[in-house]
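Asker: Please construct the entire structure, taking both the sequences and the accompanying hints into account.
Each chain, written out:
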Amino acid sequence: MRTFRFAHTSLGATASSRSIATPRTIERDWVWGDATGRGVRVCVIDSGIAADHPLVGGGVTAYVAEEADGAWVVRPDDAGDVAGHGTACAGVIRSLAPECELVSVRVLAGNLRGNGDALITALEWAVAQRFPLINVSLSSRKEGLKERLHDLADTAFFAGVSLVSSAHNSPVVSYPWRFPSVISVGSHSRTDPEYFELNPDPPVDFFACGINVSVAWPGGSAKVVSGNSFATPHITGLCARVLQRHPEFRTPQLRHVLAAVADNLVRSAQ
Amino acid sequence: MTVITHDEILRSTVRLARLSFNAAAASVFLYDHERDALVFEASSGQGEDMLIGMAIPSDRGIAGWVANTGEPLVIRGVRDDERFDRAFAAETGLVPDTIMAAPIEHNGDVLGVLEVLDPALDAFGDLVAIDLLTELANQSCAALCLLLADRRARARQADATGAMAALGSLLEGADARREVAVNELITALAKLVR
Numbered sequence: 001m002r003t004f005r006f007a008h009t010s011l012g013a014t015a016s017s018r019s020i021a022t023p024r025t026i027e028r029d030w031v032w033g034d035a036t037g038r039g040v041r042v043c044v045i046d047s048g049i050a051a052d053h054p055l056v057g058g059g060v061t062a063y064v065a066e067e068a069d070g071a072w073v074v075r076p077d078d079a080g081d082v083a084g085h086g087t088a089c090a091g092v093i094r095s096l097a098p099e100c101e102l103v104s105v106r107v108l109a110g111n112l113r114g115n116g117d118a119l120i121t122a123l124e125w126a127v128a129q130r131f132p133l134i135n136v137s138l139s140s141r142k143e144g145l146k147e148r149l150h151d152l153a154d155t156a157f158f159a160g161v162s163l164v165s166s167a168h169n170s171p172v173v174s175y176p177w178r179f180p181s182v183i184s185v186g187s188h189s190r191t192d193p194e195y196f197e198l199n200p201d202p203p204v205d206f207f208a209c210g211i212n213v214s215v216a217w218p219g220g221s222a223k224v225v226s227g228n229s230f231a232t233p234h235i236t237g238l239c240a241r242v243l244q245r246h247p248e249f250r251t252p253q254l255r256h257v258l259a260a261v262a263d264n265l266v267r268s269a270q
Numbered sequence: 001m002t003v004i005t006h007d008e009i010l011r012s013t014v015r016l017a018r019l020s021f022n023a024a025a026a027s028v029f030l031y032d033h034e035r036d037a038l039v040f041e042a043s044s045g046q047g048e049d050m051l052i053g054m055a056i057p058s059d060r061g062i063a064g065w066v067a068n069t070g071e072p073l074v075i076r077g078v079r080d081d082e083r084f085d086r087a088f089a090a091e092t093g094l095v096p097d098t099i100m101a102a103p104i105e106h107n108g109d110v111l112g113v114l115e116v117l118d119p120a121l122d123a124f125g126d127l128v129a130i131d132l133l134t135e136l137a138n139q140s141c142a143a144l145c146l147l148l149a150d151r152r153a154r155a156r157q158a159d160a161t162g163a164m165a166a167l168g169s170l171l172e173g174a175d176a177r178r179e180v181a182v183n184e185l186i187t188a189l190a191k192l193v194r
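Residue numbers (my numbering), protein chains in the order written: chain E, 1 to 270; chain Z, 1 to 194.
In short, the hints are calculated from the structure, not lab data.
Where is the CB? At the ideal position from N, CA and C, for every residue including glycine.
Worth double-checking, as some hints may not be accurate.
Said to hold, decoys possible - So the derived list for chain E, only partly shown, Cβ under 10 angstroms to chain Z, looks like this: (1) L55; (2) G57; (3) T61; (4) G84; (5) V107; (6) G116; (7) H168; (8) N169; (9) I211; (10) S221; (11) G227.
Answerer: Right, dumping it as structure tokens:
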């Protein structure tokens with residue numbers, strides 16, 4: 001296995017089972033078993049989703065966060081995916097949780113200067129809608145947004161809305177992934193979509209499949225892509241499975257059970 | 001000292017990016033606030049300079065995604081994409097299969113996007129390559145920011161009037177031989193304002 005030595009990516013470290021608060025081993029069969037994410041509402045804040053792509057499989061409700069008459073609003077959208085990224089993420093989520101419900105909120109809406117407002121507006125809306133899972137495969141380095149994103153992440157945490165967000169690909173500080181109320185994801189270099197690692201060295205929580213990932217792309221095609229953006233929906237998809245089995249779970253429980261069944265956990269006597 | 005220009009920095013950036021990855025081409029888009037568009041500013045390699053000045057919407061495609069999110073990425077299989085801009089390819093004579101893109105970013109504000117077309121990634125691995133391209137973009141951004149700051153300082157000096165400006169311009173010209181005199185002046189000024 002190749003080891004990538006830079007920030008926000010797996011270094012191949014193991015984690016000890018002593019860090020898991022349980023008297024006995026937790027198995028994936030109990031965590032998600034044969035769950036398919038059925039009935040779990042997942043919001044994808046991204047570039048939009050090409051719902052008719054075979055790897056997405058339809059059943060997507062689409063919205064856009066945009067400026068209208070001087071105010072930022074979320075409203076229905078029919079533009080599809082304007083960059084391809086959101087379709088890729090949606091396809092990964094559906095590959096692991098094929099029966100989850102997908103709702104897209106497009107945050108690429110024609111104004112680079114307003115992209116921070118679009119992200120805030122989309123997150124506020126998604127938290128107010130009480131989606132149990134929100135996939136945010138993007139982040140912002142703008143310090144001016146930090147406090148609002150932090151408040152939103154905390155609001156989501158207490159409301160039972162779990163944010164699953166990408167760590168920045170580069171060794172820089174960005175948000176919202178870095179907040180403890182957010183499940184944050186970086187990449188490892190393995191190809192198994194269900195293989196994921198618990199990071200013993202936070203702030204990144206988990207590493208999932210993010211290098212040379214085959215993904216859906218608008219136009220019905222597939223692409224091979226790399227980046228933490230694509231690791232994140234793997235964890236979101238697994239969380240959707242967990243929530244089908246355990247609908248009362250919130251961010252702390254999701255983080256705990258994922259940690260308990262991580263592939264790099266070294267089991268030792270308590 | 002010879003004044004380095006904006007174009008020289010960009011040309012050096014794209015050339016360095018192309019050579020670093022043994023790529024077919026590299027190009028840089030800068031964000032134009034007035035047009036809310038990404039403008040093709042410099043290129044190295046196949047199709048070099050044929051598209052300079054072309055603008056693309058800031059919310060479209062791979063460059064648009066990178067500009068909006070500040071997240072670098074690698075994407076393969078672009079050649080098979082029906083949506084790939086054939087006019088762009090026809091102009092440059094290059095239909096790339098792989099695109100790697102990184103933001104040119106300063107304090108959270110994306111100034112543009114650096115793209116490398118058909119990079120030889122096997123020698124690096126994708127994420128190391130992303131890391132390297134991001135650092136190249138950061139270095140270019142730092143040079144651009146220094147250039148802009150220098151231009152602003154020169155403009156201030158050119159426009160300055162009054163006693164403070166006269167003092168600033170006198171001190172600007174003081175060399176190391178005047179250090180003792182400058183120290184005496186600072187001591188006198190400190191006594192004056194305390």
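Asker: Compare the structure with each hint and give your call.
Answerer: Status of each hint after checking the structure:
About 14 angstroms separates the beta-carbon of L55/E from the nearest beta-carbon of chain Z, more than 10 angstroms, and the hint is not met. With its C-beta approaching chain Z no nearer than about 20 angstroms, G57/E sits outside the 10 angstroms limit, and its interface hint is violated. Hint status for T61/E relative to chain Z: violated, with the closest Cβ pair at about 21 angstroms, above 10 angstroms. Contact between G84/E and chain Z, as hinted, is supported at the beta carbon level, the nearest pair being about 7 angstroms apart and thus within 10 angstroms.
For V107/E, the interface hint holds, the least distance from its beta-carbon to any beta-carbon of chain Z being 8 angstroms, beneath 10 angstroms. Nearest Cβ of chain Z to the Cβ of G116/E: about 8 angstroms, under the 10 angstroms cut. The hint holds. Residue-level restraint check for H168/E holds (minimum Cβ-Cβ distance to chain Z is 7 angstroms; threshold 10 angstroms). Interface restraint check for N169/E: the shortest CB-CB distance to chain Z comes to about 5 angstroms, inside 10 angstroms, so the restraint holds.
For the restraint placing I211/E at the interface with chain Z, the shortest Cβ-Cβ distance is roughly 5 angstroms, inside the 10 angstroms limit, so the hint holds. Residue-level restraint check for S221/E holds (minimum Cβ-Cβ distance to chain Z is 6 angstroms; threshold 10 angstroms). Taking 10 angstroms as the C-beta contact cut-off toward chain Z, the hint placing G227/E at the interface holds, the least distance being around 4 angstroms.
Violation of the numbered hints given earlier is confined to hints 1, 2, 3; the remaining hints are satisfied by the structure.
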